[in-house]
Amino acid sequence: MLFVAWVYDQVFHCCRRVEKLLFKEEDENVIPLSKLPWLWLGFVDDEGNILDYTNIIKIVNIPNVHVTSTFLTNVADLDVIGKWQYMDQTLQIQDFPSEGFVINYVADEPANQEKTD
Numbered sequence: 005m006l007f008v009a010w011v012y013d014q015v016f017h018c019c020r021r022v023e024k025l026l027f028k029e030e031d032e033n034v035i036p037l038s039k040l041p042w043l044w045l046g047f048v049d050d051e052g053n054i055l056d057y058t059n060i061i062k063i064v065n066i067p068n069v070h071v072t073s074t075f076l077t078n079v080a081d082l083d084v085i086g087k088w089q090y091m092d093q094t095l096q097i098q099d100f101p102s103e104g105f106v107i108n109y110v111a112d113e114p115a116n117q118e119k120t121d
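According to our numbering, the sequence shown is numbered sequentially starting from 5.
The set of hints was computed from the structure by calculation and includes no laboratory data. We treat Cβ as the ideally placed atom computed from N, Cα and C, and that holds for glycine.
DEER-style ranges, computed between Cβ atoms: (1) Q93 x L55: 19 to 25 Å; (2) D81 x L37: 17 to 23 Å; (3) I85 x D13: 39 to 45 Å; (4) D13 x V34: 31 to 37 Å; (5) N53 x L6: 39 to 45 Å.
Modelling step: build the complete structure from the supplied sequences, incorporating the hints.
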């Protein structure tokens, strides 16, 4: 009977975790992926392994946020040697520039709000 209770507990908690992942609301302060200067963002270690960080690293909407490779390494908590790469809008994979990107994103106004003069 104890085993049945353990199995039930495991299944219940697994279902709750899946539900949280599938139905969580997007953070309003995160810049949408479609507004970033890259379509894909990844890290290539010194052995040639490619780690995809496109959906993992969320860039918070702060005015004039400056995204550099050092910033990405700190956010991703990496301690291996390698380089950051990205795919630009022309679908070319490029090394992440040393000067980084300055992202100025202004959220769209909600459609149901009326503008007043």
